[in-house]
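Start from the sequences and build out the full structure, keeping to the hints where you can.
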Amino acid sequence: MDGSAFRGSNEIISSVGTSNLSGKFLNLVNLVSHYHEPLSKHIERHKKGGLSYFSHGIQDEFLEIMAKRIKDEILSKIIEAKYYSILFDCTPDIAHQEQMTQVIRYVIQNKQNECEIIESLSKFVRVYNKTGESLKEDILDCLTKDNLRISDCRGQSFDNGSNMSGKIKGVQARIIEMNKLARFIPCSAHSLNLINVNCAKSIPKVETFFGIVQKLFNFFSSSTQRWIF
Numbered sequence: 001m002d003g004s005a006f007r008g009s010n011e012i013i014s015s016v017g018t019s020n021l022s023g024k025f026l027n028l029v030n031l032v033s034h035y036h037e038p039l040s041k042h043i044e045r046h047k048k049g050g051l052s053y054f055s056h057g058i059q060d061e062f063l064e065i066m067a068k069r070i071k072d073e074i075l076s077k078i079i080e081a082k083y084y085s086i087l088f089d090c091t092p093d094i095a096h097q098e099q100m101t102q103v104i105r106y107v108i109q110n111k112q113n114e115c116e117i118i119e120s121l122s123k124f125v126r127v128y129n130k131t132g133e134s135l136k137e138d139i140l141d142c143l144t145k146d147n148l149r150i151s152d153c154r155g156q157s158f159d160n161g162s163n164m165s166g167k168i169k170g171v172q173a174r175i176i177e178m179n180k181l182a183r184f185i186p187c188s189a190h191s192l193n194l195i196n197v198n199c200a201k202s203i204p205k206v207e208t209f210f211g212i213v214q215k216l217f218n219f220f221s222s223s224t225q226r227w228i229f
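Read the sequence shown against the UniProt record's numbering and you will find it ends at 229, with the numbers running on by one and no gaps.
Pairs of lysine to aspartate or glutamate, EDC-like flavour, derived with a Cα cap of 20 Å:
| hint | residue 1 | residue 2 |
| --- | --- | --- |
| 1 | LYS71 | GLU119 |
| 2 | LYS123 | ASP72 |
| 3 | LYS123 | GLU98 |
| 4 | LYS77 | GLU114 |
| 5 | LYS145 | GLU64 |
| 6 | LYS111 | GLU80 |
| 7 | LYS71 | ASP60 |
| 8 | LYS130 | ASP89 |
| 9 | LYS167 | ASP89 |
Just the calculated beta-carbon pair ranges, DEER-fashion:
| hint | residue 1 | residue 2 | range |
| --- | --- | --- | --- |
| 10 | ARG183 | SER134 | 21 to 29 Å |
| 11 | PRO186 | ALA81 | 20 to 28 Å |
| 12 | ILE12 | PRO92 | 34 to 42 Å |
| 13 | SER162 | GLN112 | 39 to 47 Å |
| 14 | SER134 | ALA81 | 22 to 30 Å |
| 15 | SER134 | SER221 | 19 to 27 Å |
| 16 | SER188 | GLU37 | 49 to 57 Å |
It is worth saying that the hints were derived from the structure and are not from the lab.
Please read all numbers here as calculations on a predicted model, not as lab measurements.
Backbone N, C-alpha and C define an ideal beta-carbon position, used for all residues, glycine too.
Rendered as structure tokens:
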């Protein structure tokens with residue numbers, strides 16, 4: 001099942017286990033049924049049709065329920081910790097829609113009664129405007145919906161783009177205006193990447209090599225029909 005979709009194109013119960021198009025969910029249900037008699041009887045009873053509760057709508061509902069449970073668990077720990085730091089980053093997805101990730105960093109007391117730093121990815125957000133003011137509003141909206149107060153934020157980390165890290169109109173500057181305790185730390189990984197880029201540009205052969213790689217990527221990613229890798 002590695003690499004197969006969670007939901008397959010063949011949702012007929014009788015074909016589960018014999019078809020490669022059933023998807024992960026129905027195949028896992030079929031696997032569990034070998035060790036769970038009530039589930040096995042349920043599948044046998046509905047192989048010829050009827051209400052099986054295995055449709056794609058039910059599968060989506062399962063995913064939503066599990067996602068909400070996990071997110072609620074994460075948020076409860078963050079709220080209990082009270083103070084937190086934020087990490088937001090934007091990148092286009094395969095459909096060329098800008099998606100922003102929300103990562104919250106906080107400290108908990110583990111089972112050994114020691115302080116442990118936790119970073120939790122809590123959501124993806126579609127963004128339509130990448131100006132500093134617009135992104136700040138998007139971030140504040142995300143925190144408000146999660147019942148997190150910006151006054152409890154003690155750190156923020158973004159990439160080095162002017163819209164995020166700018167000293168005057170960047171997101172970090174706008175958030176510091178609201179909360180001076182939200183110290184800004186530039187993303188170390190992005191800073192290192194910029195160093196590597198500048199180093200590569202100083203060597204003509206290396207710059208040419210990566211330039212060719214970039215052109216190949218642009219060529220194949222410009223159309224879904226060219227995604228052959």
